[in-house]
Amino acid sequence: TQLLEQSPQFLSIQEGENLTVYCNSSSVFSSLQWYRQEPGEGPVLLVTVVTGGEVKKLKRLTFQFGDARKDSSLHITAAQPGDTGLYLCAGSILTGGGNKLTFGTGTQLKVEL
Amino acid sequence: KAGVTQTPRYLIKTRGQQVTLSCSPISGHRSVSWYQQTPGQGLQFLFEYFSETQRNKGNFPGRFSGRQFSNSRSEMNVSTLELGDSALYLCASSLWDRDTEAFFGQGTRLTVV
Chain D
1 TQLLEQSPQF LSIQEGENLT VYCNSSSVFS SLQWYRQEPG EGPVLLVTVV
51 TGGEVKKLKR LTFQFGDARK DSSLHITAAQ PGDTGLYLCA GSILTGGGNK
101 LTFGTGTQLK VEL
Chain H
1 KAGVTQTPRY LIKTRGQQVT LSCSPISGHR SVSWYQQTPG QGLQFLFEYF
51 SETQRNKGNF PGRFSGRQFS NSRSEMNVST LELGDSALYL CASSLWDRDT
101 EAFFGQGTRL TVV
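Those protein sequences? They're chains D and H, same order as listed. Residue numbers 1 to 113, in the working numbering, belong to the letters of the first sequence in order. Residue numbers 1 to 113, in the working numbering, belong to the letters of the second sequence in order.
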């Protein structure tokens, strides 16, 4: 059972366009992270959001955590070819035994000149 | 500060063999988690170790096992390899077991033939 659904699955856009990636779940998470992964490499942490309704900005990237802490979005303004990669959201559930990250299905973004 | 180091980067094994993968976490990090990444299933949680104890386990068969040493380094072992075990195996380290931010290594690309 996939707890985190991302949409769209694939996105191909031109440089300068804006885009939004969505991460949805029926579960409540204690926090949510966004990662970007390039081919042959491990995911790189972009941001962590913890509070429902929280908005964080990282240069041209804006991240939002849903009020109910079940969903999140990533908005990129004026996309550049360097933004190309696989974007993954990951929800954290703190169990009695520790932390467990559940990853989303991923959004493959390609930004062309 | 060195990042997460995984060895080897690439590995080719034959069905039925076993394999051991190694992960050295960021200095000072005590929690290590392992993930399997495949095109069809995405990133799936294998297990998490903290202070040499397995704290969480994903839904993988008993052929997948791991351990953590006193210096926080971790190994995972897969016995009786199957073709479907071909994947990118990722290790992530965190400061402690309830830390939601995970930092990933570059991964070990395992191919089973």
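Read the hints as simulated data drawn from the structure, not as lab findings. A hint or two may mislead.
Claimed, not checked - Listed next, the in silico DMTMM-like pairs over lysine to aspartate or glutamate satisfying Cα-Cα at most 25 Å (straight line): (1) D:100 x H:101; (2) D:57 x H:75; (3) D:56 x H:52; (4) D:59 x H:101; (5) D:100 x H:75; (6) H:13 x D:71; (7) H:57 x D:67; (8) D:110 x D:67; (9) D:56 x H:101.
As the list claims (entries may be wrong) - Covered stretches of chain D, going by a simulated chain H footprint (3 or more residues, C-beta under 8 Å): (10) 36–47; (11) 103–113.
As the list claims (entries may be wrong) - Some chain D residues close to chain H (C-beta under 8 Å, calculated; not the full set): (12) 59; (13) 84; (14) 88.
Just so it is clear, CB atoms sit at the ideal spot from N, CA and C, and this is done for glycine as well.
- Message: Hint check: residue 100 of chain D vs residue 75 of chain H, CA-CA at most 25 Å. Holds or violated?
- Response: holds, 18 Å
- Message: Holds or violated: residue 56 of chain D and residue 101 of chain H, Cα atoms, limit 25 Å.
- Response: holds, 16 Å
- Query: Under the criterion that the straight-line Cα-Cα distance not exceed 25 Å, is the pair residue 57 of chain H, residue 67 of chain D satisfied?
  - Reply: violated, 29 Å
- Message: Tell me if the straight-line CA distance from residue 59 of chain D to residue 101 of chain H falls inside 25 Å.
- Response: holds, 20 Å
- Outcome, coverage of the segment 36–47 of chain D by chain H - at least 3 residues whose beta-carbon is closer than 8 Å to one in that chain: Holds: 6 residues of the segment 36–47 of chain D have a Cβ under 8 Å from chain H.
- Message: What's the verdict on residue 13 of chain H and residue 71 of chain D, does the C-alpha distance respect the 25 Å limit or exceed it?
- Response: violated, 40 Å
- Task: Would you check the hint for residue 110 of chain D and residue 67 of chain D, treating anything up to 25 Å between C-alpha atoms as holding?
- Result: It is violated: about 30 Å lies between the C-alpha atoms, which goes past 25 Å.
- Was the hint right that residue 59 of chain D lines chain H, CB cutoff 8 Å? Result: violated, 19 Å to nearest chain H Cβ.
- Query: Holds or violated: residue 57 of chain D with residue 75 of chain H, Cα cutoff 25 Å?
  - Reply: violated, 36 Å
- Agreement of residue 56 of chain D and residue 52 of chain H with the hint, judged by alpha carbon distance not exceeding 25 Å: Outside the cut-off at roughly 35 Å; violated.
- Hint check: is the beta carbon of residue 84 of chain D less than 8 Å from a beta carbon of chain H? violated, 18 Å
- 8 Å C-beta criterion, at least three residues: is the segment 103–113 of chain D covered by chain H: Our answer is that it holds, as 4 residues pass the Cβ test (under 8 Å) against chain H, meeting three.
Comparing the model with each numbered hint stated earlier shows that hints 2, 3, 6, 7, 8, 12, 13 do not hold.
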